[in-house]
Structures are given as C-alpha cells and as structure tokens.
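What follows is each chain in one-letter form.
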Amino acid sequence: MSGIELRATIELVLAGGFCGALGFWVLSERLAYAGESLSHGMLPGLVLAALAGAPLLLGAAGGALAAAGLIALAARDTRVGPDTGTAVAVTGLVGLGSLLALAPDAPQRLGELLFGDPLGVSDGDLAAAAALVLAGGGALAALRRPLAATAFDPAGASSLGFSPALVRLTLLGLMAAAIAIAVQGLGALLVLAALVGPPVAVRRHVRTPGEAMLAGAAVAAAAGAAGVQLSAHAGSAAGASVALVLCAAAGLGAALPARGLG
Amino acid sequence: MNAPAVVTDALSAGYGGRPVLTDVSFAAAPGQTVCVLGPNGGGKTTLFRALIGELEPLAGSVTLSGRPAYVAQTERTRLDFPVSAFDVALMGALVRGRWWLPPRRSDRVAARAALERVGLGAEADTAFGELSGGQRQRALLARALVQDSPVLLLDEPLAGVDPASAQQIDAVFAELRAEGRTLLVSSHDVEGARGFDLVLCLNRRQVAFGPPGAALDRATIEATYGRELIVLDEAGAGRAVTVQHHDHGHSES
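Chains A and B, in that order, give the protein sequences.
For the record, in the first sequence the residue sitting at position 218 is 272 according to the numbering used here, with numbers rising by one throughout.
For the record, in the second sequence the residue sitting at position 4 is 817 according to the numbering used here, with numbers rising by one throughout.
Since the hints were made in silico from the structure, they are not lab data.
Beta carbons are placed, not taken as given, at the ideal position from N, Cα and C, and that holds for glycine.
Selected chain B positions facing chain A (in silico; Cβ < 7 Å):
1) Glu867
2) Ala882
3) Tyr883
4) Leu907
5) Val908
Label-pair distances were calculated between CB atoms; the ranges are:
6) A:Leu223 with B:Ala872: 25 to 31 Å
7) B:Glu888 with A:Ala86: 19 to 25 Å
8) B:Ser945 with A:Pro311: 20 to 26 Å
9) A:Ala312 with B:Gly934: 22 to 28 Å
10) A:Leu188 with B:Ser945: 42 to 48 Å
Let the sequences and hints guide you as you build the complete structure.
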C-alpha cells in the first residue's frame, strides 16, 4: 500500500467510522433526507472555499450552516409543504454551487467536490477526522441513553425530562460536523453513503444501540479500506469506489437472514 | 382534601398555535384515580402531552406535585428499535439525571424489580418488539414504576390488551393508588370509568368533571361522544357503545 493510499485509508476509517456509528441514530430519527439535503446543500460553501483558497472544512461548515438556514426557511412555507420546499432549496444550492465551480478561474475541479478526493487528504484533514472521532465519539457515548429514550418513545422521553426537539437538534449538529469532515473523502454527493449504508447493513443484525453503533463503525471502516483497494486495483475513482462498497454492504446486510429484530 | 397532585386552570393546548383542546380545569389529589373519557381526536392525548410539558399551554396553566410519568399507547413506540424489556424499564432511571454515565447498580435493581412487579421478570431480555401487546404495555408501565413519579399518565393502557395483562395492570394500579400516587387513565370504556374516583370528559373542550356517579349522566356522555355513541338501553346512560372510527372496531361499555 502506497503512502497516499494509507493516508486515504486512515481518513476514511476515521471519518467513515464515525459516520457509520452516527448513522444508526440518523436512521432511527428518520433524518436520512435531512442528511442528504445538508450534504448536497453545502456545495456552494465548498466551492467558495476552493475559490478563496480556504480550507474545505471551513467551506463545508459555512455551507452546511447556510444550507440548514435556507432549508429551514423553505420548509416552513406551508403553501408548498416541507418536502417540496426542501427539494427546491437544495436543488437551487446545488445549481449555485455548480455555477460557481464551472467558472473559468475555479481552481478545484467540480468533480472533486461532488465525488470526493480521499487520495488528496492533507495532514489537516487527518487531524480534523481524528478530532471528529474523539469529540463526536465522546458525544455519542455520553448521549447514548437520552438518544435511545427519545428514538424509542419521544413522549416518554419528554416525561423523563428530555426535549425530543433538542435531542434531534444535537443529532443534526453532530451530523453536520460529520458531513463537513467526511466530505473531503467522499464529496458532497457521496458522503451520505457513509451515514446511511452502514446502519442499513447492520440494523437487522443487532440487539442494542451500542451494538448498532460499533457494528456500523466497523462496516464503514472496512468499506473505506476496501474501497481504496478497489480503486487502486481497478483504477476507479476512490470516493465513488468507497460509496459503492458502502452501498453493497447495505444491500448484503439487508439480504442476510436477520439476527436482531428484523 | 390533600394538596392537589394535578391542577389545570382554563388550560388550552394544541399544535402549531391552533388549539385542539380548550378550557380544561380540574384537580386531583394524591391517591385519586381519574378516568379521562373522550372520542378519538377529543383531546385526551393532547391533555397528557401538555401535562408532561411536551406541549406548551396556549392558555391557562398546569400545576403538578412532581414530574409525571407517561405511559404511551404502545403503537406510538418504535417496535423496531433494538431494546429489551429490561432496557425499556431502565429508561425510567434517566429522570434522576446522570444520563451521560452508565446506569447505577441501584437503577438496574429497580428495573428488575419493576419488571417482576408487572409480571415480566422472565421476559427481561426479550426484545420489546417481540413482546405481545399486553406485555409491551406492562414494560412501559415498568418504566413508569422505575421513574417513581407521584403522578402517572396512562394513555389507553388497556386498549387491545389480553385479559391476563389487563388483570396484572389493574392490580398494579390498585397498588399505586394505595401508595398515594395519582393516576390519570384515558379510556373509551364508559362503564369502566365508574370504578374511578373522578371522571374527566373531553370533546375538544371539558364537557364534565367530577365523581362518576354525578358526572356520567346521559347528556354528558352524548356531549362527550357525539355521533360515536350509540345508546342501547333507553333506561339511563348505563349501556352505551362507543364506536371507534380509527380502527373500524367498537367497544361496548
């Protein structure tokens, strides 16, 4: 394995592993569409960061914040409904991001922002992924019990003193942080695969939320490593290869006989 | 009468600023049981959601002697969520804080004891989604027992429950009442409501409140259930059938 491949693998194991653990809660709270909207809607932020020569992480974070605000605003329009409002806002943001990225003086290719470039990760990207695993993993471990109580029975969690809205907001914040960091490896279009693929792969085979998080992280990390190897041997795009392995794992997990709750 | 455990004063509650329940004023003392009657959409669950603080009152006020425990209808819980009956009971300990740490040994002991009390000791490790409807209801009741609240809100706890579970739940209700806890139980069972200390009739507003002997006259039942009510016996209000449109079933009461 070359040095570049090793760095790519470390990046995908760290960031992807966290996404795989977080994904269980994303699916439990039915936030997959919100995740997709957030990851696609941050494209203008990524492009602006690339144009300004700023770190992509900064652009991703700013883009995610701006996208979240616009999506929240559009989703409140009762004339069209939340789904349509979100779809229009996200499509508009992807269009704006593409327009900016296809400008003649754009330094970074649109393809890298959309589909990721794990082979081009910097020391800063690796440090950000390590920080995500430490801080985000710590947050998930600490929040495990309130998250479970809320996902299982929101009204019951209210009577235990937890605000389901606040718990969901915290989860959205963690998801935005995970997307902002994992987008370097997988791009704005494919990062959702790391959030959704692993929990789909493991959900029918686990009996506790803790098992689901650990198994999801393991699947995502293994898919990241396998995707980089697939890319190296087949000469395919690394981000897309990882996303395909993640989706294949999801399909395999869904097809295997259930061990958990089915 | 002791200091009330639950008081609402001209309470209105609803969703998105629109009230679905208005002008509810009642009080219940420690150890009293209240049957909350009303049709589907009449505001029973909305009242409970306001009492647990999930909904802010649009008008009026709620006063409680402590944070109430809430036992939802089992179909409002996630059957596919990977938790066992023991995990569900243990959730009740979250009310005591320290949620970021693993549960204490005393919390685990309390959860085991609560499951034994509702007759689910042998099913502690069974996945919640694999329990029968009555067993699920009892697991949620065990969570409320671990919560150790002075006030319990139970949303149609006997709906669709097998006779053995119903008997077990009734026995626990009697124990809780003897311990001085206040129980609010929503139901469609007009005749069963006569076994409670108090009856609160709702149909998007408060229709009546008081001891069942005084509150449950025929005019009140008709105002509460409207077109969902069929009176079988013209002599008095004793024989009434409430038709539940949501599942095309009906219950005789």
